[in-house]
Amino acid sequence: MRDLADNVVIICSIENIDPMGVHTGDSITVAPAQTLTDKEYQRLRDYSIAIIREIGVECGGSNVQFAVNPEDGEVMIIEMNPRVSRSSALASKATGFPIAKMAAKLSVGYSLDQIPNDITKKTPASFEPSIDYVVTKIPRFAFEKFPGSEPILTTQMKSVGESMAVGRTFQESFQKAVRSLECGYSGWGCAKVKELDWEWEQLKYSLRVPSPDRMHSIYAAMKRGMKVDDIHELSYVDKWFLTQLKELVDVEQYLLARNLSQLTKDDFWEVKRRGFSDKQIAFATKSTEKEVRSKRLSLGVKPVYKRVDTCAAEFEADTPYMYSSYEFECESAPTNRKKVLILGGGPNRIGQGIEFDYCCCHTSFALQDAGYETIMMNSNPETVSTDYDTSDRLYFEPLTVEDVLNIIDLEGPDGIIVQFGGQTPLKLSLPIQQYLDERKPNCRSGYGLVRIWGTSPDSIDAAEDRERFNAILTELQIEQPKGGIAKSEKDALAIAADIGYPVVVRPSYVLGGRAMEIVYSDEKLVTYLETAVEVDPERPVLIDKYLSDAIEIDIDALADSHGNVVIGGIMEHIEQAGVHSGDSACMLPTKTVSLSCLETIRSWTTKLAKKLNVCGLMNCQYAITASGDVFLLEANPRASRTVPFVSKAIGHPLAKYAALVMSGKSLHDLQFTKEVIPAHVSVKEAVLPFEKFQGADVLLGPEMRSTGEVMGIHSESSIAFAKAQIAAGQKPPLSGTLFLSLNDLTKPHLASIARAFLGVGFTLAATSGTAHVLELEGLPVERVLKMHEGRPHAGDMIANGQIQMMVVTSSGDQLDQIDGRKLRRMALAYKIPIITTVAGALATAEAIKSLKCSKIEMTALQDYFSSEKATKSTKTLQSVSST
Amino acid sequence: MKCALGMAVTQFPSCFTLNSPKVRLFTVNCQSVSPAASGSSSTGLVEKPWKVSDARLVLEDGSVWRAKSFGASGTQVGEVVFNTSLTGYQEILTDPSYAGQFVLMTNPHIGNTGVNFDDEESKQCFLAGLVIRSLSISTSNWRCTETLGEYLASRNIMGIYDVDTRAITRRLREDGSLIGVLSTEESKTDEELLKVSRTWDIVGVDLISGVTCKAPYEWVDRTGSEWEFNLNGRNEDTFQVVAYDFGIKHNILRRLASYGCKITVVPSTWPASETLKMKPDGVLFSNGPGDPSAVPYAVEAVKEIIGKVPVFGICMGHQLLGQALGGKTFKMKFGHHGGNHPVRNIRNGRVEISAQNHNYAVDPESLPEGVEVTHVNLNDGSCAGLAFPQQKLMSLQYHPEASPGPHDSDLVFGEFIELMKQERQRT
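As you go down the protein sequences, you meet chains A and B in turn.
Residues 1 to 883 in the working numbering are what the first sequence spells out, letter by letter.
Residues 884 to 1310 in the working numbering are what the second sequence spells out, letter by letter.
FYI, nobody ran anything at the bench for these hints, they're computed from the structure.
Remember, predicted model here, so these are calculated numbers, not experimental data.
Fair warning: there could be bad hints in the mix.
As the list claims (entries may be wrong) - Per the computed footprint, the stretches of chain B lying under chain A, defined by three or more beta-carbons under 8 Å from a beta-carbon of chain A, are: (1) 980-994; (2) 1002-1012; (3) 1017-1027; (4) 1083-1090; (5) 1213-1224; (6) 1286-1295.
We put the CB at the ideal spot given by N, CA and C, even for glycine.
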């Protein structure tokens, strides 16, 4: 960081475990740097400062990346970012020095020595943090969602999220970071990893070529006796890290040779100090996590909590930013106030991103205002929830049963909130509830027992357990698409025959659209069952009728513990049902849905919320067929991805309300008693990362792949849509040539799409099949060769700049897999807007029409809501906090 | 061994309190080791992949910390200080200013880069011992010639690891520096060790005589030239400097040489008259261990020299100048030991991040008129630098030569050169 007085301080050094060649965002990184002597470190420091001065970063943060040759210390500069970057977020969390906050102060003219250190308060910010712990960051990937793209790490960043963990040693922080990732591992090692069964050649390849699972390959190689030197030769991972890992394997061997009852207090102490989780110990000693926990606690081995204080304990710090470690002294100093433990969402991933962090933060703010001490627990360095000043207390910890129970034991909170962090805390709610039922721990505040606030884990389970849920829907007379649970291929074919194709198939044991597919024939169904998932009685497959051309509706509702339910917002998806709701654009209020359908949706949602005893938020998804029949697709009694969008669209903080409702307030107390239908239109659009994944197709489907979203607001829906498109990076051209290629399923809509674009002045181009249909309709179209038909073909036109926009729906056949995918990838490479759904095409045509005849204006969000209402809602919150 | 509180029998680093007066009671249950139990349960099974505790650190506040030893064995007493530098343990080990002290590194991983030839700050290790959280199980650095454990063992320095260094640091922060006893001898009871710690004191002890050179010598640098830095704005002149070795760090000499000085290093007891006979362009008073009040002979020498030639004091040298000018020095609560202290250079307003290592400081209020405070430590407002232009005198409480630490204050060597140049022009 540099200030206007030319004072420069270095905040943090971070060392990549992966050698050069892997993007830093995709590398496992460790702070502080572990393999540099002072002379080498100071040389990098000198270079950094010289670079910052030379580039002319007058004030604010910068990031400089170096490569140091471990053979001779030669230094190369890789890059410098003259701005606050992703690594500054990590560095801020790793040190407790809030880089962006300080940069903002510097930009208005403060100098570093005029700003107090945010954590110690007494010393100035013009210092360099010293840390007495080790921080490990591990990226999280989503290659499985982008078939066609190879899981190889390069200089193009592909990770979608990351976990960070703090420990007193590298081993401790690394193990914690691995289990924070929530990729099915409870730490590094002590697990049956697939790499253990690989051929040597394959294993060696996976050590040489960086991939998301390289750390597990290192584990497998060590388990199978490969020497550290040989692993280093293949992977170029520094031997310092490899020997640290090797010791973990040695400890695992030690555990494997024993059973739980043989482990002494000293054993537990040494093993836990190396970051092993109870689950790993259970795996190695062939026992259960619960047995390990009770044995461990009976020996008195439990974690202590150390503080992150920027100064390695040199000065006193009041900020309770903590991490666990197995050490002598605990610094947590829990209070006896009324308090709430909020479980965050863990690493960002596709399907569970910052929307949930938004909810967690709002919960914390609302409950602080209402007089509670809020305690945040999360492992994601990219979030606001893991800022040390968001909540009263912060535990930077993995979200696993073991780690959460440790905090519950220590803090004794009045309430635990699992509803806002997405699937991560929800999955923990049953074991937590079980623990609370067994142990009945008291709150430290003295107000009775610790309990989970909001909708009970049992209700959450009822909504997720297919059979229980079906029973409830039957009782409430709520319709859902026909379907069944197949425990074998035979079952599946029978169900499909009964309900008729197309059907949506998905494994029952994963959520979030993972491996979900729409299947149109027996043949395809069999292929799916053979290739995509395993089907057996243990892992049944869900088969549902796919409602072609149906409109999909998302609804968020809020219910209090007194049985009141208020609809937060009803959103109409622009893409048809079948595109994952997270990838689909949607608008609020709805545009084409009939009043009677809306009434059905409202009444069903209310009924269901009451039946499930929802306390807090609930999200439902419905499909409305062309004939006007309503079907419930899904219900989730928890905060959903759409909560921030709805809150901004209607001008009411739903997450805050939900938090207060969970603390016992009624919706009446909050004066939120009626659905708000705003006069303006808000459109949400998904942002997709296809250009980062070489070889992946861009078609939307039932599997979610978006990594972010944007929102456009306007009084007119078409302009709101246009704004959202522009924000998502798909700026619609106002004129030019539209390339059309529609599959047979969507061909019936071809003419209307063509007319809409002709109407706004576009010319059309199409390959033979599509062109033929257009010609039959008497519409002007330029015929273009398909890529395999010769040249010049459609791809050449893209390259020549002769195509400005594309509407492509896939037939999904063999040829399309090659030809069509290639064309779509080209469009992506040339940044030509590509629309892959009929509804999207029509909406875009309309947006272009509006853009042509009106200018986009900017209005502040606050101005959409009357000033009168704004004051009223503030009052509401104040009155709540004063009660 | 005997355990005062008679607790369970396990072996991990921990802490317990002795039933003696004026001793704080800790709330945590603590254990001690029964040597017979260690390792015996694992017969026939995979060996424990870790070392069993075999050492104790007993602090004068009564706390006993079980740990694992490395380096030398035996029993050693010293003052425990913590150092917050993230890098540079080898420079710290060889900094003579740490004579008589146990250095506790707050950075948990120590030993990662081993030790090498270039990073030595003196000919040997003078500190009493090293206290760390985690001893590296391997080394990774192309310059590494030896592991930290081997290095300390061959120099007969004790080290311990696997203690809660943060807990001890917090104690030092609250109570100030504590005397401690490190021991690998199980035959000695905790009470015996505690008694040793309470009867030993560092205040008033002349530690300098143990670290200074025995006879004058000319400085010849053998460090690899790749570590040279900050070469802008040098002139061709060379200056003769006499450097008083109170425990001088090599990097002070390297930096002076880099700025064009020819240096004769003299012992701490070198008479001022002899120094003046050598007709130096300037005299440097170096850093060194312990209490400046314990070396009145050095203060006398300083008094004789100041005003006659330009002088530059660093650390101990700064304190001696302070005393020679009639000022007072005092012992700080836990001193400054680290590489991240902000210092304001009052003359240009800039903040320099500095390397610090001192337990005593000069009270600026006690200094005579005409003495200017040129540098202030921004963490606690203490005096970090002085100048007395009339007497051609400048001094810094901290370490402009860094090593370890940032190079922000390196330009001060240029100021000393400037001072000598002006004097040369004047005469």
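Hints, one by one, checked against the model:
1. Counting residues of the stretch 980-994 of chain B whose beta-carbon sits less than 8 Å from any beta-carbon of chain A gives 4, enough to reach three: the coverage restraint holds.
2. Proximity of the stretch 1002-1012 of chain B to chain A, defined as three or more residues with a beta carbon under 8 Å from a beta carbon of that chain, is not established by the 1 residues found.
3. Three residues within the 8 Å Cβ limit are the bar, and the stretch 1017-1027 of chain B against chain A gives 9, so the coverage statement holds.
4. Figure legend: the stretch 1083-1090 of chain B, annotated as covered by chain A; annotation inconsistent (0 residues with Cβ-Cβ distances under 8 Å, at least 3 required).
5. Given a C-beta distance limit of less than 8 Å, the hint that chain A covers the stretch 1213-1224 of chain B holds, as 4 residues qualify and 3 suffice.
6. With 5 residues having a Cβ less than 8 Å from any Cβ of chain A, the stretch 1286-1295 of chain B passes the three-residue criterion, so the hint holds.
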